[in-house]
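**Q** With these hints in hand, go ahead and build the complete structure from the sequences.
Protein chains: 2
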Amino acid sequence: MALIVQKFGGSSVADADKIRNVARIITETYRKGHSVVAVLSAQGDTTDDLIEKAREINPKASKREMDMLLSTGEQISISLCVMAIERMGYQAISLTGWQAGMLTDSAYSAARIKRIRTERIQKELDKKKIVLVAGFQGINKYDDVTTLGRGGSDTSAVALAAALHADLCQIYTDVDGVYTADPRTVRGARKLDEITYDEMLELASLGAQVLHNRSVEMAKRYNVNLEVLSSFSGNPGTQVKEVVKHMEKTHVSGVAKDKNVARIALVGLEDRPGIAFKIFSLLAKENINVDIILQSIGRDGSKDISFTVARDDGQRAREVMEENREVIGCRSVELNDQIAKISIVGAGMAHNAGVACKMFEALYSAGININMISTSEIKVSVLVDERDADRAVQAVHDRFFDEFGNA
Amino acid sequence: MALIVQKFGGSSVADADKIRNVARIITETYRKGHSVVAVLSAQGDTTDDLIEKAREINPKASKREMDMLLSTGEQISISLCVMAIERMGYQAISLTGWQAGMLTDSAYSAARIKRIRTERIQKELDKKKIVLVAGFQGINKYDDVTTLGRGGSDTSAVALAAALHADLCQIYTDVDGVYTADPRTVRGARKLDEITYDEMLELASLGAQVLHNRSVEMAKRYNVNLEVLSSFSGNPGTQVKEVVKHMEKTHVSGVAKDKNVARIALVGLEDRPGIAFKIFSLLAKENINVDIILQSIGRDGSKDISFTVARDDGQRAREVMEENREVIGCRSVELNDQIAKISIVGAGMAHNAGVACKMFEALYSAGININMISTSEIKVSVLVDERDADRAVQAVHDRFFDEFGNA
Chain A
1 MALIVQKFGG SSVADADKIR NVARIITETY RKGHSVVAVL SAQGDTTDDL
51 IEKAREINPK ASKREMDMLL STGEQISISL CVMAIERMGY QAISLTGWQA
101 GMLTDSAYSA ARIKRIRTER IQKELDKKKI VLVAGFQGIN KYDDVTTLGR
151 GGSDTSAVAL AAALHADLCQ IYTDVDGVYT ADPRTVRGAR KLDEITYDEM
201 LELASLGAQV LHNRSVEMAK RYNVNLEVLS SFSGNPGTQV KEVVKHMEKT
251 HVSGVAKDKN VARIALVGLE DRPGIAFKIF SLLAKENINV DIILQSIGRD
301 GSKDISFTVA RDDGQRAREV MEENREVIGC RSVELNDQIA KISIVGAGMA
351 HNAGVACKMF EALYSAGINI NMISTSEIKV SVLVDERDAD RAVQAVHDRF
401 FDEFGNA
Chain B
1 MALIVQKFGG SSVADADKIR NVARIITETY RKGHSVVAVL SAQGDTTDDL
51 IEKAREINPK ASKREMDMLL STGEQISISL CVMAIERMGY QAISLTGWQA
101 GMLTDSAYSA ARIKRIRTER IQKELDKKKI VLVAGFQGIN KYDDVTTLGR
151 GGSDTSAVAL AAALHADLCQ IYTDVDGVYT ADPRTVRGAR KLDEITYDEM
201 LELASLGAQV LHNRSVEMAK RYNVNLEVLS SFSGNPGTQV KEVVKHMEKT
251 HVSGVAKDKN VARIALVGLE DRPGIAFKIF SLLAKENINV DIILQSIGRD
301 GSKDISFTVA RDDGQRAREV MEENREVIGC RSVELNDQIA KISIVGAGMA
351 HNAGVACKMF EALYSAGINI NMISTSEIKV SVLVDERDAD RAVQAVHDRF
401 FDEFGNA
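Chain order of the listed sequences is A and B. Going by my numbering, the first sequence opens with residue 1, and the numbers climb by one from there. Going by my numbering, the second sequence opens with residue 1, and the numbers climb by one from there.
No lab work stands behind these hints: they were computed from the structure. Check before you lean on any hint, since a few could be wrong.
For chains that are exact copies, the list does not tell them apart, and a pair is met inside one copy or across any two.
Keeping only pairs whose Cα atoms sit at most 20 Å apart, straight-line, the calculated SDA-like set for lysine to any residue is [said to hold, decoys possible]:
hint: 1; residue 1: Lys-141; residue 2: Thr-118
hint: 2; residue 1: Lys-53; residue 2: Met-88
hint: 3; residue 1: Lys-220; residue 2: Ile-275
hint: 4; residue 1: Lys-141; residue 2: Glu-119
hint: 5; residue 1: Lys-18; residue 2: Arg-55
hint: 6; residue 1: Lys-128; residue 2: Ile-370
hint: 7; residue 1: Lys-32; residue 2: Ala-284
hint: 8; residue 1: Lys-285; residue 2: Asp-174
hint: 9; residue 1: Lys-127; residue 2: Lys-191
hint: 10; residue 1: Lys-114; residue 2: Gly-149
hint: 11; residue 1: Lys-141; residue 2: Arg-120
From a predicted model like this one, the values you see are computed outputs, not experimental measurements.
**A** Right under this line is the structure:
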């Protein structure tokens, strides 16, 4: 008998029929003799509807009150789902964030879990009850309700799995698992049986929005066995773990696309020490997160620095740079927000120079220009024009995942 | 500077505009230098919508989960209203039942407040914040969410006023105050400036649904000064207190109508001891509440016992009596659920036999037959045919509240 934490997202509990489906999955697991703790998100568009209600009243509502408001969504889901489970003849109980002992810091709307007091959950499990916990929420030391930010229910589930020493944490979603590329847009994309935490982290941060990054980081830190699977198909999903049985050849797990990118180029910087520090401390002060940073030598002894930020931050990043152009000492600031980041991710990559080469070759064959390149231990990313993005993903995917299997 | 508890019902917070209106009333009170604790109900039909959602999934959902579900409605109201207050430039904070320290027993869906831990509210008031508390809800000793039952927000407000030793508890609603009869159906009905707790209790239990009875009982017990007033008109309302300045003549406060009545008559009972006990213990076992009880001597030495119950309980009460007819020893059981109870309420009534007489005379003049009569210290009730009910109220009201003022 195992202890299994299951998480169901908003689309999995969107209406009465879907809630009944979730209740069926939960009770089937329970019937096999397992203890089950299920974490639920708010139904479908509930959170967006509540945000809209708040905006109508006060577009600058305090984050404390927003959290108070939004946390009702998950509370509705869990109580309704317990009712569905009760109807099937099983004993279940719903617990809000505070009842489940989810203690967080006080960063309203983006709180971090500090500790979980598991006594109450444990007590209910001991009574053989199925326990449903409201995802996305907790309380801080003042007993005020906090939320973990969008996608926070994944984090709630993994944190609970860690705190309860669960044998498995299943993340139910509307896709069958983690794919080699987005199956909705890339021909031939296929599901992976397993993937490492690190690969999953790169894929998540690169725009393959299957799992919330914080949840994968937490799973890696506490060595929680994750499984991503569909609440609709019943098919086996993708296992996310520390080490996977790789084939001997270089393993590329997937191709990801991220359009939420803008590139800033600082052209003609004087070549003196401390410039990079100055640039990125200015951005940090404005709470602008920087992704890729590249520095190259310019023609006349000057140098260029380029970096990418989230697209929404593009204009502001450019303005900050313009305002400080004299301090930084650069000739011009250029912004390009019509770009996309295409990446391949795979554990063995660093040891095989041929992988990056193969990617560039695929793009060249498709006539796609590369704007910027960045590599790490387990990924290669390139920036391309946004209008080439989908073709680029398809070309790279075709090259690595042909009909004979992995490269 | 006073401490004022204000309660706003569901129709007062039904949409964004109405929430802004409530925020305006609250901040105007605060601007006058008062400390304000406001208790809010769920918006408009929210509670009914949630009940419908639950019913779709499980018509026999456990009460614990229903309370978990329904308590979200008030949480949404208070957070939205705080946002509206914030926008007006004031500091406010919303507190759920558990955060506000509303400790109840464990009777889910009909919980009773046992104690209020006021520390948190007091702390926020000390910081000069306006405090908004979710009505209708609390927690029991297991830290589970409970609700106080329909109309429970009135009770929340009065209980808070008592625990905080508030100077005044204002119940805002969609009518201007307490009227001599229902102003929507009775010509010439007029608003009372003041009324005693006891009169209010009789009026509430007699079908004038202005205030929840439990809240009036609690106000009487803890001597909380109540005021019933409209959140829309801005007019002064009705004061509810221990003693009011009565005019010297007998005072009739109002005429009430209650259609939620069914009458059971047990005809031809043998005249032996213990019969009444047997009858009403049978009903108590079935959780059927009895209102009026009348016993009369029959013609042949036998006696008749009649009693009224809520209309929904009528059929079941009749069945229970039929099943036990031999034990009880009566000739026949008759049910009449096409009746209504018309009552006049007034503090001085017991000392003036003429009051009841005047009522009977008014009904006689209108050609309305009286089915059953019951009197107490401060009220006279009669049962009439349901189809005569509205005419009966008008006739009695005309008789007591003519154009020259009170009787």
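**Q** Report the numbers of all earlier hints that the structure fails to satisfy, in ascending order.
**A** 3, 6, 7, 8, 9
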